[in-house]
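> Work out the full structure: start from the sequences and follow the hints.
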Amino acid sequence: MSLSDRLRRTAVWRSVFRQSHLRDDRSRARVILNNIFLHLHPVRMPKSAIRLRYTWGMGALCAILFAIEVVTGIMLMFYYRPTPEHAYLDMVDLAEQVPFGIVREMHRWAAHLMVVTVWLHMLRVFLTGSYKPPRQFNWVVGVFLLVLTMFLSFTGYLLPWDQLSYWAITVGSNMARSVPFLGQDGPGAGALGLVHAGNDIRFLLLGGRTVGANALLRFYVLHCVLVPLATVVLMAVHFWRIRRDGGMSGPEAYADVDRAGGS
Amino acid sequence: MERHVIDDLTDAAAGPGAANPVSPAPADLRRHAHRQPVCPRGVTTRRQWLKVAWGSLLAAGATVVGASARFLYPNALVEPPQVFAVGRPEDYAPGVDTRWQERFGVLVVREPGRLYALFAECTHLGCQVNWFASERRFKCPCHGSGFRADGANVEGPAPRPLDRAAVFVSEDGRLVVDKSRRFTWEQRERPEAFVAV
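For the protein sequence lines, the chains are D and R, in the order given.
Residue numbering for the first sequence follows my numbering, starting at 83 and increasing by one per position.
Residue numbering for the second sequence follows my numbering, starting at 1334 and increasing by one per position.
These are calculated hints, taken from the structure and not from any lab test.
Possibly wrong hints are sitting among the right ones.
Unchecked claim - Just the calculated beta-carbon pair ranges, DEER-fashion:
#1 D:R96 <-> R:T1377: 48 to 54 angstroms
#2 D:L276 <-> R:D1511: 19 to 25 angstroms
#3 D:Q218 <-> R:G1394: 27 to 33 angstroms
#4 D:Q218 <-> R:V1487: 46 to 52 angstroms
#5 D:P262 <-> R:A1395: 18 to 24 angstroms
#6 R:A1426 <-> D:L276: 39 to 45 angstroms
#7 R:V1385 <-> D:S109: 51 to 57 angstroms
#8 R:A1402 <-> D:G272: 18 to 24 angstroms
#9 D:E187 <-> R:D1505: 38 to 44 angstroms
#10 R:T1377 <-> D:T92: 26 to 32 angstroms
#11 D:I146 <-> R:A1402: 34 to 40 angstroms
Beta carbons are placed, not taken as given, at the ideal position from N, Cα and C, and that holds for glycine.
Right, here's the structure in full:
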């Protein structure tokens, strides 16, 4: 008996991997169904629906880029301190003093790329009509994911704490002044006289009336905890719904599976 | 004898045709279809209890959400001072003075007969404007808005002239700027918006 066979017969191995052999379609399907990470995934896919020309691989690219953001982001958190005294210099140190400090550049480039791929993924789903019933709800989930991606990009933009990020967030957060009813300059705010610079939605975002230490800290918490958490939850729903809504859409969905006599 | 329907489940459980003397006739059922279940005095139905339970849970949840939102609005802020002295009126030569721009974000302007303080804040999206003496213009680096020395907008996307802060001369003769009171171009003739010199 080979070593690997003996390993497969141990109680530990058999407690982790429930099925022993990939004998047939059924046992292969069970590998997907019984695994917490793989079970989000459809058990089977029509060949025509996963052609690169059809999907552009955009959904998977978004997920891969998000994973890169998580890994590099956690690495950056070991050095970066979100205070006006330290933020910019910590970023400079990452470039000049930290071995493989290039993870910051990886984080930034993957972030830019992710915004692009999320848009392209949306375009592909639109062009192939994959938003149509029964996949309407997953389109809506995708729109929320797009908004979260943009918000991640926005909150991350302040963190280098240089001139570009400072004024970009000044401009971006001033747009929040004009939110109806919630912004100090928005329609409906003046009528009631209740909404002012000290209690409007811009204050909620910045933790103050100007972009300062509180804003940097709030953006850091949003960028590193709150928004990624929401994104992960919605990503899980998004992947799960692909399966629940009948798998990947395709030009001739499941035709090849049916021809092969699969069930 | 007066009949009481304890709740919907009791009847359903009895089933049609069950030998239950309190089970209402079909005509009776139709008549009571849209009525709340009747209950003997002092007995709480499942539905009543659930209403109270869900109501309490919602109220508790709303309280937590409200308190969490309030948590994000602190009672005190550490921000640059809003009221500050900027020297004496006679310190200022005619024209635009930029010496307080970096520290306080205001520009003191002297015209013949009056002195006032402009917010160095573009009225488009809030970037800090810079004074270019050779062109006699304020320019915004973000989107290219331009303003005259008196704050009037002359180019770019800015929708209105620069705002002015309240100014007054203190008892000891110093010029004081109060950024917490803001005056628009239309309000520039208000007595608080300038100091006569």
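> Hint by hint, note whether the structure agrees.
A quick look at each hint next to the structure:
Taking the beta carbon of each, R96 of chain D and T1377 of chain R are about 53 angstroms apart, inside 48 to 54 angstroms as hinted. The hinted range of 19 to 25 angstroms is satisfied by L276 of chain D and D1511 of chain R, whose Cβ atoms lie roughly 23 angstroms apart. The hint said 27 to 33 angstroms for the Cβ distance between Q218 of chain D and G1394 of chain R, and at roughly 29 angstroms that hint holds. Checking the proposed 46 to 52 angstroms range against Q218 of chain D and V1487 of chain R shows it holds: the Cβ atoms sit about 50 angstroms from each other.
A C-beta distance of roughly 23 angstroms is found between P262 of chain D and A1395 of chain R, which places it inside the suggested range of 18 to 24 angstroms. A hinted range of 39 to 45 angstroms for the beta carbons of A1426 of chain R and L276 of chain D is consistent with their spacing of about 44 angstroms. For the pair V1385 of chain R and S109 of chain D, the beta carbons lie near 52 angstroms from each other, so the given range of 51 to 57 angstroms is met. The supplied range of 18 to 24 angstroms is met by A1402 of chain R and G272 of chain D, whose beta-carbon atoms lie about 22 angstroms from each other.
Taken as a hint, the range 38 to 44 angstroms is violated for the pair E187 of chain D and D1505 of chain R, whose Cβ atoms sit roughly 55 angstroms apart. Range check, T1377 of chain R to T92 of chain D: Cβ separation about 58 angstroms, and the 26 to 32 angstroms hint is violated. As the Cβ distance of I146 of chain D to A1402 of chain R is approximately 36 angstroms, the hint placing it in 34 to 40 angstroms holds.
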